[in-house]
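A.B. asks: Below, each chain spelled out in residue letters.
2 protein chains.
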Amino acid sequence: MGSEDRKLRLGRRGFLGAAASVLAAAGARADAPDPAITEVQEWARVLGDGVATRPYGKPSQFEKHVVRRDVEWLTASRESSVSFTPLHELDGIITPNGLCFERHHAGIAEIGPQKHRLMVHGLVERPMVFTMAELRRFPGRTNRIYFLECAANSGMEWRGAQLNGCQFTHGMVHNVMYTGLPLKALLDHCGVRTNGKWLLVEGGDASLMTRSIPLDKAMKDCMVAWAMNGEALRPEQGYPLRLLVPGWEGNMWIKWLRRIEIGDQPWHQREETSKYTDLLADGRARRFTWIMDAKSVVTSPSPQAPPAAKGPNVLSGLAWSGRGTIKRVDVTLDGGRNWRPARIDGPVLPLSLVRFYAEFDWSGQELLIQSRAIDETGYVQPTKGELRQVRGVNSIYHNNGIQTWLVRADGQTENVEIS
Amino acid sequence: MGSEDRKLRLGRRGFLGAAASVLAAAGARADAPDPAITEVQEWARVLGDGVATRPYGKPSQFEKHVVRRDVEWLTASRESSVSFTPLHELDGIITPNGLCFERHHAGIAEIGPQKHRLMVHGLVERPMVFTMAELRRFPGRTNRIYFLECAANSGMEWRGAQLNGCQFTHGMVHNVMYTGLPLKALLDHCGVRTNGKWLLVEGGDASLMTRSIPLDKAMKDCMVAWAMNGEALRPEQGYPLRLLVPGWEGNMWIKWLRRIEIGDQPWHQREETSKYTDLLADGRARRFTWIMDAKSVVTSPSPQAPPAAKGPNVLSGLAWSGRGTIKRVDVTLDGGRNWRPARIDGPVLPLSLVRFYAEFDWSGQELLIQSRAIDETGYVQPTKGELRQVRGVNSIYHNNGIQTWLVRADGQTENVEIS
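Residue numbers (the working numbering), protein chains in the order written: chain L, 1355 to 1773; chain R, 1355 to 1773.
Only chain L is shown next, with the shape it has when bound in the complex (with noise of 0.2 Å):
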């Protein structure tokens, strides 16, 4: 039996075919039979339900508690609000649709897809209306796996810790596979002119949301998609279609998309003035602040979610980059003194959440868990106080500043802050 072993006392030891003790402690001997392992257990007595019983699944009855979740005094209505994903509770890269966070400005749109239209114009040679069939008809279909963030996450902790738990400090942003057109392959369908500089985007539902779009940025990544996760899009998601703008805020990722049109100039509507423009110390404001920066969190422990016990324990987290691709996560258990990289798992695609993991044993210490994140521009996700030295304390949009969670003694993880 190796140190590493030694060290673990994960799992107890069991009889050789017969029986392991639930009371046993870690990696010792049992000395009663385990009844869950001898007894022939309630469900394995009887037939289950049969196939097609549930033709579109659900998550079992034993995780209820996996769910959306809203914060009532955040927002004056539901209607325009926000409802968070519950990172603590996934792992892995890909976030099931029934999970995504969720932002709307007037409510869910229903829009059945026949009636959809998506309308091109302005600077181009060929004005079109596409129906959502003959989206589906044009070639040049793509599949991409991209994160999504909400220019607003982590908006309310710019003046210290407030919320406790990932799932509302982190809980805007999600990834999924989108499937439909790259952007391009339409508008050089359309025949952009040469003074056609601008895309201004426009969403079908009551808010009719807008925003403007740099010609680069859409010839260069953005989609028009009508899948995620291999399935139709989610009414609250833009169904039947939305905007793809694959690393920068979502607010412009605009759903049930109808119009675009194209000009030589931004449009300066709401939603890039009087919203999502950060306001400075010295009263003026950063305007166009498109891009996500590279941002991590560590989704367990947190305080949704722990330490199980003293011992072994698995620290995991998500790191992503409006920027590109990332290259490293630190994480640290004491504040800062020491990091560590953290070993990184799975895929590892530009402007897509990564995961990352790293063991430790606590020994029931306090602790305080950071991580950080480093893309492959070499940028560094900075500290909440460094960022707040640059952009003061007016800001609510991208606060993409290092997560602390202290683990006390007893367990009990907080959010809070360390200077």
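If you are wondering where the hints come from, they were derived from the structure by calculation, not from laboratory data. Do not take every clue at face value.
The list treats identical chains as interchangeable, and a pair is accepted whether it falls inside one copy or across any two copies.
Claimed, not checked - Lysine to aspartate or glutamate pairs mimicking EDC-like chemistry, simulated, CA-CA at most 20 Å apart:
1. Lys1469 to Asp1618
2. Lys1681 to Glu1768
3. Lys1571 to Glu1768
4. Lys1629 to Glu1433
5. Lys1412 to Glu1443
Given the coordinates of chain L, assemble chain R onto it according to the supplied hints.
C.D. replies: Using the frame of chain L, we list chain R on its own:
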């Protein structure tokens, strides 16, 4: 306007900033304004449902036809039966959890994670019993995307075209991202003795499904998984714990995994003797036919998803191989007289589904659509005729023959076989 554009004729030309006609011919200028564009739509006049109306989200009301389906006459009871993935409605490579095909032998066991145990015993130094919490604390957690195909997928087609639609002919396959532990980590922890060469793996439902697995495979890439596509396994996929045996037949991916015994030879259980063996024409049976050979299917056009119209169309399909990575997929529209390589798009991972596309222009002639997969070993997916020459027609399992869809002049699409 390039020749590619002229050939396309997709979308309809609209007025500048005003209107386009749903009536106008494709690519022609509109005469009447399109009310779908010019008028404020019903869904833009009202506020939709607010956030967290559905804490766990559901598909759109317009997607109710996208469900798993069973075939009533196929099995004697629904507790020992199968429901099929609606492949013709999906895109990309991720299968949503709610649509992953089901195969049960005693219905869906509903097992509480607090009560579940995994025992590892037999020829090991340290027999152990693990709780779910202990597995989550074990070092080495990892994420992998794998296809899972039932050995009986396409089994009804051995004796000729039977089932009309790829959901039924090929829908016993799905592809998700799993989270769990390499089985090697657990086996190393328990210390397999030098005479340990085989595993018996056992499920916890009323069928107590058991299979023998060679130790080499277990050590190479098998996993015990508790999450799929980011969230907990679904009950019908073995919640809270299942075995993954990447590239090998689905029957071995034991659900509700409760016991792993190490022995020095295979156990010759029912599921590897009377079932999941292939009876040849001369009366001998092929046994331990674990690996799922390279296979592919066109999911659109297909009987449940015929061509929408003449003119531009997108052919789409899936390919996979239990021997590694898909290297190429060829498609034909004329029953194999002319083949051309399809365009593979999205992640190309070993032992995972890959998505392929081929654009084509349909003038209304009869089509005989086929696809054939080639994997990294150079293996070429055979015709059904070639398979039968070697295996006869007694088989149920391991039919990876080339599938043919006939598209008639009126667009109706059927499952056919050509010699």
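A.B. asks: Give the relationship of Lys1681 and Glu1768 under a CA distance limit of 20 Å: within one copy only, between copies only, both, or neither.
C.D. replies: Answer is neither; intra-copy 28 Å and inter-copy 49 Å both fail.
A.B. asks: Within a copy, between copies, both or neither: which one fits Lys1571 and Glu1768 at a CA-CA cutoff of 20 Å?
C.D. replies: The answer is neither: 40 Å in one copy and 43 Å across copies each exceed 20 Å.
A.B. asks: If the cutoff is 20 Å on CA atoms, where do Lys1469 and Asp1618 land: within, between, both or neither? Let me know, please.
C.D. replies: Answer is neither: 30 Å inside a copy and 64 Å across each miss the 20 Å cutoff.
A.B. asks: Go through the copies and call it for Lys1629 and Glu1433: within, between, both or neither, with a Cα cutoff of 20 Å.
C.D. replies: within (17 Å within a copy, 55 Å between copies)
A.B. asks: What label fits Lys1412 with Glu1443 when the C-alpha limit is 20 Å: within, between, both, or neither?
C.D. replies: For Lys1412 and Glu1443, the Cα distance is within 20 Å both inside one copy (16 Å) and across copies (19 Å).
Violation of the numbered hints given earlier is confined to hints 1, 2, 3; the remaining hints are satisfied by the structure.
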